[in-house]
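Protein chains in written order, with the working numbering: chain A, 4 to 422; chain B, 4 to 422.
A few of these clues could be false.
[Unchecked claim] Output of the computed footprint for chain A on chain B, the stretches with three or more beta carbons under 8 Å from beta carbons of chain A: (1) 37-47; (2) 145-153; (3) 241-247; (4) 368-375.
By construction, these hints were calculated from the structure, which means they are not laboratory data. None of the values given here were measured: they were computed from a predicted structure. All C-beta atoms in this analysis are idealised placements derived from N, C-alpha and C, irrespective of residue type, glycine included.
There are 2 protein chains.
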Amino acid sequence: MSEEITILGKQAKAAARQLSQLSNPQRNEALFSIAEMIRRRKNDILTANMEDIQTGKELGLSESLLDRLKLTPERLESIAAGVEKVATLPDPIGEEFDSRVLDNGLRISKRRIPIGVIGVIYEARPNVTADIAALCIKSGNAAILRGGKEARRSNRALADVVAAGCAAAGLPANSAQLVHSTDRSLVRALLRADDYIDMIIPRGGAGLHRFAVENATIPVITGGMGVVHIYVDKAADPANVVPIVLNAKVQRPSVCNAMDTLLVHRAIAADILPTVAQALIDAGVELRCDPRSLKILSDSFTVQSATPEDFDTEFMALIAAIKVVDSLDDALDHIFAHSTKHSEAIITEDYAAATRFVNELDSSAVFVNASTRFNDGGQFGLGAEVAISTQRLHARGPMGLKELTTYKWVVLGNGQIRP
Amino acid sequence: MSEEITILGKQAKAAARQLSQLSNPQRNEALFSIAEMIRRRKNDILTANMEDIQTGKELGLSESLLDRLKLTPERLESIAAGVEKVATLPDPIGEEFDSRVLDNGLRISKRRIPIGVIGVIYEARPNVTADIAALCIKSGNAAILRGGKEARRSNRALADVVAAGCAAAGLPANSAQLVHSTDRSLVRALLRADDYIDMIIPRGGAGLHRFAVENATIPVITGGMGVVHIYVDKAADPANVVPIVLNAKVQRPSVCNAMDTLLVHRAIAADILPTVAQALIDAGVELRCDPRSLKILSDSFTVQSATPEDFDTEFMALIAAIKVVDSLDDALDHIFAHSTKHSEAIITEDYAAATRFVNELDSSAVFVNASTRFNDGGQFGLGAEVAISTQRLHARGPMGLKELTTYKWVVLGNGQIRP
Chain A
4 MSEEITILGK
14 QAKAAARQLS
24 QLSNPQRNEA
34 LFSIAEMIRR
44 RKNDILTANM
54 EDIQTGKELG
64 LSESLLDRLK
74 LTPERLESIA
84 AGVEKVATLP
94 DPIGEEFDSR
104 VLDNGLRISK
114 RRIPIGVIGV
124 IYEARPNVTA
134 DIAALCIKSG
144 NAAILRGGKE
154 ARRSNRALAD
164 VVAAGCAAAG
174 LPANSAQLVH
184 STDRSLVRAL
194 LRADDYIDMI
204 IPRGGAGLHR
214 FAVENATIPV
224 ITGGMGVVHI
234 YVDKAADPAN
244 VVPIVLNAKV
254 QRPSVCNAMD
264 TLLVHRAIAA
274 DILPTVAQAL
284 IDAGVELRCD
294 PRSLKILSDS
304 FTVQSATPED
314 FDTEFMALIA
324 AIKVVDSLDD
334 ALDHIFAHST
344 KHSEAIITED
354 YAAATRFVNE
364 LDSSAVFVNA
374 STRFNDGGQF
384 GLGAEVAIST
394 QRLHARGPMG
404 LKELTTYKWV
414 VLGNGQIRP
Chain B
4 MSEEITILGK
14 QAKAAARQLS
24 QLSNPQRNEA
34 LFSIAEMIRR
44 RKNDILTANM
54 EDIQTGKELG
64 LSESLLDRLK
74 LTPERLESIA
84 AGVEKVATLP
94 DPIGEEFDSR
104 VLDNGLRISK
114 RRIPIGVIGV
124 IYEARPNVTA
134 DIAALCIKSG
144 NAAILRGGKE
154 ARRSNRALAD
164 VVAAGCAAAG
174 LPANSAQLVH
184 STDRSLVRAL
194 LRADDYIDMI
204 IPRGGAGLHR
214 FAVENATIPV
224 ITGGMGVVHI
234 YVDKAADPAN
244 VVPIVLNAKV
254 QRPSVCNAMD
264 TLLVHRAIAA
274 DILPTVAQAL
284 IDAGVELRCD
294 PRSLKILSDS
304 FTVQSATPED
314 FDTEFMALIA
324 AIKVVDSLDD
334 ALDHIFAHST
344 KHSEAIITED
354 YAAATRFVNE
364 LDSSAVFVNA
374 STRFNDGGQF
384 GLGAEVAIST
394 QRLHARGPMG
404 LKELTTYKWV
414 VLGNGQIRP
């Protein structure tokens with residue numbers, strides 16, 4: 004165990020105990036204070052960020068990485084506004100539920116409480132520092148944040164502002180602490196600090212998620228990876244097909260709820276595929292086709308032949324795999340074999356097909372006649388999104404503030420003993 | 004990855020897909036069929052168990068271990084009746100909740116579904132084989148069971164009966180599979196089979212739990228360990244103190260919700276401690292006292308001096324540590340420093356003290372004027388108990404059938420795309 008992690012862990016645990024006892028107005032006051040500090044110390048943060056950008060350029064970071072790293076006055080204002088928005092969300096803490104009175108008179112209920120200390124490991128984008136700190140504080144949790152080394156000056160400036168905002172509102176300055184060392188071995192130490200940390204959220208690519216799962220002794224929320232399927236049933240309303248497929252693929256191709264594989268029932272493949280292909284190709288999408296879809300499309304369009312790996316790939320880009328299937332069963336079997344359990348959609352007007360698709364699949368979200376792009380905390384009305392979970396414990400799909408809570412049983416008696 | 008685990012894992016995944024689509028009556032029919040098979044094949048099971056007992060005696064197993072291992076006609080009947088009782092519990096699957104209609108007309112809800120494949124690692128008691136298989140089947144999950152090698156013949160006989168019962172009712176015979184090899188390295192392989200298993204439940208001592216946490220790449224439900232506190236406040240009703248403390252310590256000292264440490268407010272320590280000590284000592288409890296309680300008790304009673312370790316020990320025996328505290332704050336600080344977050348109780352008639360105790364502690368169950376022995380699935384009315392969780396994700400305290408489920412988001416649209 005690294006000494007830095009032990010110190011941060013002890014401080015976080017002490018802060019968590021204090022945070023769990025604060026009222027919603029007190030937690031909100033800290034968020035408003037953080038937002039104000041972000042605005043007041045704008046120049047410090049932007050200067051730190053410029054230094055990160057300068058170092059990044061010298062190290063030859065890609066343009067897209069530099070763009071994710073970059074803070075502008077507008078982006079900083081949007082971060083501050085985001086922190087304020089979290090303050091306006093309903094308090095996730097304190098609700099009692101599943102209450103009952105036992106025959107012996109004991110009154111029992113579950114009470115929603117913070118999880119405790121949440122460890123978050125993320126990559127380039129410095130806005131995560133403020134976003135996650137705000138979500139954790141709102142839900143009464145302490146946070147330990149480990150950002151990417153490319154953003155270390157920006158993250159430090161933002162973490163200082165978060166600490167100052169907390170302190171100004173009477174919250175522990177250690178409510179959301181940044182791991183300062185950029186030593187990679189600290190990530191492993193963080194993942195094994197189960198004496199101090201109750202949950203790990205990795206925000207990054209598949210490699211980070213796998214590293215966390217392999218090394219953590221703390222429960223990890225895994226997710227964010229999606230090999231996403233849309234199945235166009237033989238009873239699809241043709242008017243729905245192009246809009247939904249196009250939206251799911253091209254509206255934001257770099258995200259996890261974008262479509263990767265299009266499955267089309269053979270009965271309508273010859274009719275519908277050329278129209279769909281035209282729309283996708285016009286939008287700049289490269290199509291990788293199984294033999295049957297290739298046969299339908301290759302005369303009129305420039306398309307590729309799909310490799311077996313294409314059907315297990317999250318493209319994160321303007322690429323789609325296409326396969327013709329014989330039946331709904333065939334589609335379900337393909338999805339069971341290739342899905343990462345993120346999001347799957349069916350386009351159909353057939354009640355039985357829609358029902359079977361929804362009943363039989365077990366992905367985090369299953370859609371009928373709607374774009375998979377809706378699998379998102381904001382779209383689902385959660386107010387905020389902490390992560391998207393594709394694991395099966397604790398939370399599935401978009402995680403909001405409620406998913407940053409747990410519960411304890413409260414048992415009120417007047418002398419009951421167990422017979 | 005061991006070949007046996009890979010084969011079991013693939014079969015379990017296929018079984019889980021089938022199980023998830025069965026109706027509650029179909030799942031129940033399998034449970035009744037298993038119960039009937041247990042009765043019909045009673046002699047086979049008892050013969051296998053006698054061989055285990057014989058081997059255990061030759062290996063010099065302790066009397067208490069041999070007793071936990073032993074099956075009798077009565078115990079077998081109670082196992083069969085337990086399986087039938089699980090069938091009569093409400094179906095935990097299928098409920099839709101948190102439903103809403105979004106402004107764009109999308110109808111979204113969470114639907115409760117089985118977790119998938121559950122791995123259970125347990126020690127000597129062969130009844131766990133039938134109990135856990137029944138709970139998993141009832142909740143639509145497939146199970147992979149790894150019992151202790153002392154019970155291997157008994158477990159195999161019970162697993163055969165479970166498979167036969169499933170098959171007779173038209174369920175996959177692989178619904179609940181036993182790991183046959185008793186090679187210890189298979190436990191590690193099981194813990195890392197995240198391609199096939201969705202959740203691990205270790206049922207055993209602290210060593211097994213720690214091994215699971217250290218080695219698993221699958222989410223682990225940890226729990227069952229409890230350093231349990233009762234705090235006798237200065238405003239305690241003396242009539243409540245002896246009954247609750249005695250019940251919590253001696254009613255079943257070998258379990259995790261039994262009291263380990265008694266904290267007493269200094270204002271009433273001299274009055275109440277001798278009565279409590281007398282009752283505990285009469286019940287055969289050894290008392291390990293901090294300096295202040297030692298001073299009160301040592302003239303009249305044979306008591307020990309507590310070591311610092313005693314206050315971090317789950318005794319699982321007729322032993323209790325005693326400490327005099329200066330205040331409620333002192334008690335809370337002691338509990339925060341030493342609790343394993345299992346169960347804690349306060350005895351008081353003071354509203355503010357009871358409220359602070361309940362609000363400020365974050366153990367899986369907090370009690371006012373009641374015995375900690377109630378922290379139990381049966382007592383809380385869950386109908387069955389899968390495990391007691393002291394971790395903070397997914398489930399806390401007693402886990403019933405509902406805690407063997409997860410959810411998926413079901414999103415019903417008519418052509419919606421994301422703007």
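Hints versus structure:
no. : hint    : verdict
1   : 37-47   : violated (count 0)
2   : 145-153 : violated (count 0)
3   : 241-247 : holds (count 4)
4   : 368-375 : holds (count 7)
Hint compliance for this structure: hints 1, 2 are broken, all remaining hints hold.
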